[in-house]
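As they're listed, the protein sequences go chains A, B, C, D, E, F, G, H, I and J. Position 79 of the first sequence, counted from 1, bears residue number 79 in the working numbering, the numbering being contiguous throughout. Position 3 of the second sequence, counted from 1, bears residue number 3 in the working numbering, the numbering being contiguous throughout. Position 66 of the third sequence, counted from 1, bears residue number 66 in the working numbering, the numbering being contiguous throughout. Position 58 of the fourth sequence, counted from 1, bears residue number 58 in the working numbering, the numbering being contiguous throughout. Position 37 of the fifth sequence, counted from 1, bears residue number 37 in the working numbering, the numbering being contiguous throughout. Position 54 of the sixth sequence, counted from 1, bears residue number 54 in the working numbering, the numbering being contiguous throughout. Position 5 of the seventh sequence, counted from 1, bears residue number 5 in the working numbering, the numbering being contiguous throughout. Position 34 of the eighth sequence, counted from 1, bears residue number 34 in the working numbering, the numbering being contiguous throughout. Position 57 of the ninth sequence, counted from 1, bears residue number 57 in the working numbering, the numbering being contiguous throughout. Position 24 of the tenth sequence, counted from 1, bears residue number 24 in the working numbering, the numbering being contiguous throughout.
It is possible that some hints are incorrect.
Here's a subset of chain G near chain H, in silico, CB distances under 7 Å, partners left out [to be verified]: (1) Gly54; (2) Thr58; (3) His62; (4) Thr72; (5) Leu74; (6) Gln77.
These aren't lab readings, by the way, just hints derived from the structure by calculation. Please read these numbers as outputs of a predicted model, since none were measured by experiment. Glycine included, C-beta positions come from ideal geometry on N, C-alpha and C.
There are 10 protein chains.
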Amino acid sequence: MAAKAFVLIEVAVGKTKDVVTALQRVKGVSSVEAVTGPYDVIAVVEKPDVNAIGDLVTRNIHSVSGIARTVTCLTMQLG
Amino acid sequence: MAAKAFVLIEVAVGKTKDVVTALQRVKGVSSVEAVTGPYDVIAVVEKPDVNAIGDLVTRNIHSVSGIARTVTCLTMQLG
Amino acid sequence: MAAKAFVLIEVAVGKTKDVVTALQRVKGVSSVEAVTGPYDVIAVVEKPDVNAIGDLVTRNIHSVSGIARTVTCLTMQLG
Amino acid sequence: MAAKAFVLIEVAVGKTKDVVTALQRVKGVSSVEAVTGPYDVIAVVEKPDVNAIGDLVTRNIHSVSGIARTVTCLTMQLG
Amino acid sequence: MAAKAFVLIEVAVGKTKDVVTALQRVKGVSSVEAVTGPYDVIAVVEKPDVNAIGDLVTRNIHSVSGIARTVTCLTMQLG
Amino acid sequence: MAAKAFVLIEVAVGKTKDVVTALQRVKGVSSVEAVTGPYDVIAVVEKPDVNAIGDLVTRNIHSVSGIARTVTCLTMQLG
Amino acid sequence: MAAKAFVLIEVAVGKTKDVVTALQRVKGVSSVEAVTGPYDVIAVVEKPDVNAIGDLVTRNIHSVSGIARTVTCLTMQLG
Amino acid sequence: MAAKAFVLIEVAVGKTKDVVTALQRVKGVSSVEAVTGPYDVIAVVEKPDVNAIGDLVTRNIHSVSGIARTVTCLTMQLG
Amino acid sequence: MAAKAFVLIEVAVGKTKDVVTALQRVKGVSSVEAVTGPYDVIAVVEKPDVNAIGDLVTRNIHSVSGIARTVTCLTMQLG
Amino acid sequence: MAAKAFVLIEVAVGKTKDVVTALQRVKGVSSVEAVTGPYDVIAVVEKPDVNAIGDLVTRNIHSVSGIARTVTCLTMQLG
Numbered sequence: 001m002a003a004k005a006f007v008l009i010e011v012a013v014g015k016t017k018d019v020v021t022a023l024q025r026v027k028g029v030s031s032v033e034a035v036t037g038p039y040d041v042i043a044v045v046e047k048p049d050v051n052a053i054g055d056l057v058t059r060n061i062h063s064v065s066g067i068a069r070t071v072t073c074l075t076m077q078l079g
Numbered sequence: 001m002a003a004k005a006f007v008l009i010e011v012a013v014g015k016t017k018d019v020v021t022a023l024q025r026v027k028g029v030s031s032v033e034a035v036t037g038p039y040d041v042i043a044v045v046e047k048p049d050v051n052a053i054g055d056l057v058t059r060n061i062h063s064v065s066g067i068a069r070t071v072t073c074l075t076m077q078l079g
Numbered sequence: 001m002a003a004k005a006f007v008l009i010e011v012a013v014g015k016t017k018d019v020v021t022a023l024q025r026v027k028g029v030s031s032v033e034a035v036t037g038p039y040d041v042i043a044v045v046e047k048p049d050v051n052a053i054g055d056l057v058t059r060n061i062h063s064v065s066g067i068a069r070t071v072t073c074l075t076m077q078l079g
Numbered sequence: 001m002a003a004k005a006f007v008l009i010e011v012a013v014g015k016t017k018d019v020v021t022a023l024q025r026v027k028g029v030s031s032v033e034a035v036t037g038p039y040d041v042i043a044v045v046e047k048p049d050v051n052a053i054g055d056l057v058t059r060n061i062h063s064v065s066g067i068a069r070t071v072t073c074l075t076m077q078l079g
Numbered sequence: 001m002a003a004k005a006f007v008l009i010e011v012a013v014g015k016t017k018d019v020v021t022a023l024q025r026v027k028g029v030s031s032v033e034a035v036t037g038p039y040d041v042i043a044v045v046e047k048p049d050v051n052a053i054g055d056l057v058t059r060n061i062h063s064v065s066g067i068a069r070t071v072t073c074l075t076m077q078l079g
Numbered sequence: 001m002a003a004k005a006f007v008l009i010e011v012a013v014g015k016t017k018d019v020v021t022a023l024q025r026v027k028g029v030s031s032v033e034a035v036t037g038p039y040d041v042i043a044v045v046e047k048p049d050v051n052a053i054g055d056l057v058t059r060n061i062h063s064v065s066g067i068a069r070t071v072t073c074l075t076m077q078l079g
Numbered sequence: 001m002a003a004k005a006f007v008l009i010e011v012a013v014g015k016t017k018d019v020v021t022a023l024q025r026v027k028g029v030s031s032v033e034a035v036t037g038p039y040d041v042i043a044v045v046e047k048p049d050v051n052a053i054g055d056l057v058t059r060n061i062h063s064v065s066g067i068a069r070t071v072t073c074l075t076m077q078l079g
Numbered sequence: 001m002a003a004k005a006f007v008l009i010e011v012a013v014g015k016t017k018d019v020v021t022a023l024q025r026v027k028g029v030s031s032v033e034a035v036t037g038p039y040d041v042i043a044v045v046e047k048p049d050v051n052a053i054g055d056l057v058t059r060n061i062h063s064v065s066g067i068a069r070t071v072t073c074l075t076m077q078l079g
Numbered sequence: 001m002a003a004k005a006f007v008l009i010e011v012a013v014g015k016t017k018d019v020v021t022a023l024q025r026v027k028g029v030s031s032v033e034a035v036t037g038p039y040d041v042i043a044v045v046e047k048p049d050v051n052a053i054g055d056l057v058t059r060n061i062h063s064v065s066g067i068a069r070t071v072t073c074l075t076m077q078l079g
Numbered sequence: 001m002a003a004k005a006f007v008l009i010e011v012a013v014g015k016t017k018d019v020v021t022a023l024q025r026v027k028g029v030s031s032v033e034a035v036t037g038p039y040d041v042i043a044v045v046e047k048p049d050v051n052a053i054g055d056l057v058t059r060n061i062h063s064v065s066g067i068a069r070t071v072t073c074l075t076m077q078l079g
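So that you can see chain A by itself, here it is in the shape it has in the complex (with noise of 0.2 Å):
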């Protein structure tokens, strides 16, 4: 089963484009983009599986210099 989750990110004051651009080049992000309004950064993760997204959001994007706080948003689709 796939796994697929937003993760709205706030970044350090000057970091925007290198953190989108860091982030453009992590396996496992298929989309991220600048954006205006609370956030600053908005990547799209799939993975195939939950603990998968897991290790990708705390290993390869916590690390990306210049992210000061993530929230991940799982998808679920309802029944």
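Model the placement of chains B, C, D, E, F, G, H, I and J on the given structure of chain A, informed by the hints.
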């Protein structure tokens, strides 16, 4: 120039499934999913320009019963 | 793959006992306890996958009278 | 199509005057004023499109010393 | 001495267009626009002095149906 | 026309007495008192006009060591 | 020993003028003014002691129609 | 083992005196006082164990008319 | 007239025990306990009058290493 | 009487895996899992009584490097 936004949606308790179903029928909403975390539903919307997104959100999304609050995050392509 | 979540629940004043009793009868809720602190009740839910958890929360938990707001925290096994 | 945004700016204590002066020299900033209330400075920015506003905010405004946090509010002409 | 303020406005869900239209007819409101982000509408008001702005906001703006909350940010010309 | 404002001040832990003493010497500050509750100090400032209050707050108050954050509440005489 | 407090007041939308007028008639309220920023009205109250201020706020101020929430900031003379 | 907690209570505007009076009659409430600051009333409760405190708060305190929200802070004797 | 206050204290991570021990030695602090919930420690302080409580909190409590933030809730005896 | 608590933990960006690993070795921690949503890790702790939980949290959990903030939610068995 095409415009795209993530609409982060808080829903009245017990109305998530209804809101997802209603939004799937709204033209301009390219995806809509129930999510875990501080928001209940995230919709992705795409329109020819920002003003059309404003119309879509304030007229067609805000009128859906069960929606309590929305935050629109417009995407920006940094140069 | 099994999925598990902590559901942090805020309850209308005076309804804690009723909510705990009602949630104990919901299938898929493996434990439910009144707690001190910013939340009133914490339920642990387990289902075969994330989508089933979404159904459980939005259909069977949100429909319990007295629940004001829930935050679903999905567990992830990091590799 | 022209794009316009209000940029609500929080400034490090003691830096309001410096930030106002610096922003007055940024091209694309059509007005900038110190204000009372929860924000310290409000800038109005205008550019040919949303992406150019994104560049302006993340590159030319975020690089101004003393700016702690910005919230960009893009205007939308409702039909 | 002229006084000017940005009025940041939160609007009841579904009322943005009505509030914008109503505010366009209020004397002393020099511009009013729907916006993305944490506020729904931003109005710019100008009056001969601060007291007149107080009257305008508390009497003519607060009386508009659909407005839930306003934050008035008075501009100050630093010397 | 005279202008008056309440300046609600949050102070770094351990600096309340120093901030009160320093503000008592600032011209235009008509009273300054330590308070209980969410703020640590409240100063009342009076100047000939709003711009002079802006100068006073951003230049003479923000420069006081130990001040972490201020909220300026300008008074308005409603007609 | 005399006691003094600043009462920071949030008012229901459209009721600022009424609340100011009503508070001007309350004995023990030495000044009351509409303000810009996160609060709508600030009243200064003075009474012989803290308990009398408690009575004044909970009995005579809270009973004024249109008041949504108050924060009482008691002044303290540091030695 | 005895258990003790501070119950921080927010009260509906105008109900502070009534809530204090009602709580003084609740068995297990060892003190109750109106307070300044972000809470309106603080009650100290003591019971033989934590579960009895849970019963007291959710059954006997939450049922008092005028109470809007409570935060229970259980004391812990560190070794 | 005696004055009493609850001081709600947030402590730097890992410093709770040290702060409790240090506060137990402060004169005027009648009790101090580690607690669960949004605060880490609650101290009860008693002094001859409000000003002395102000001195105690800003001078003797705020100077304790490890304290990050305090909220002082003064008790009021309603008539 | 046994005591049990959910400890909701915020972790410094990039430290989730390390914190989970460290907590798994702490005696009295019966489970620890990385989670999505506003918290990063949730630990379940069980001890003979509330005081022992206080010791565990303030001494053995708070000392883990990478933990930024914890909220302890003690369970209560309602009668």
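- Item | Hint status (Cβ of Thr58/G to nearest Cβ of chain H, threshold 7 Å) | 4 Å, holds
- Message: The hint names Leu74/G as touching chain H; please verify it with the least Cβ-Cβ distance against 7 Å.
- Response: 5 Å, holds
- Holds or violated: is there a CB of chain H closer than 7 Å to the CB of Gly54/G? Result: holds, 5 Å to nearest chain H Cβ.
- Going by Cβ atoms only, is Gln77/G closer than 7 Å to chain H? 16 Å, violated
- Any CB of chain H closer than 7 Å to the CB of His62/G? It holds, given that the least Cβ distance between His62/G and chain H is near 4 Å, below 7 Å.
- Message: A closest beta-carbon separation below 7 Å is what the hint needs, so does Thr72/G meet it against chain H?
- Response: 5 Å, holds
Going down the numbered hints, you'll see the structure goes against just number 6.
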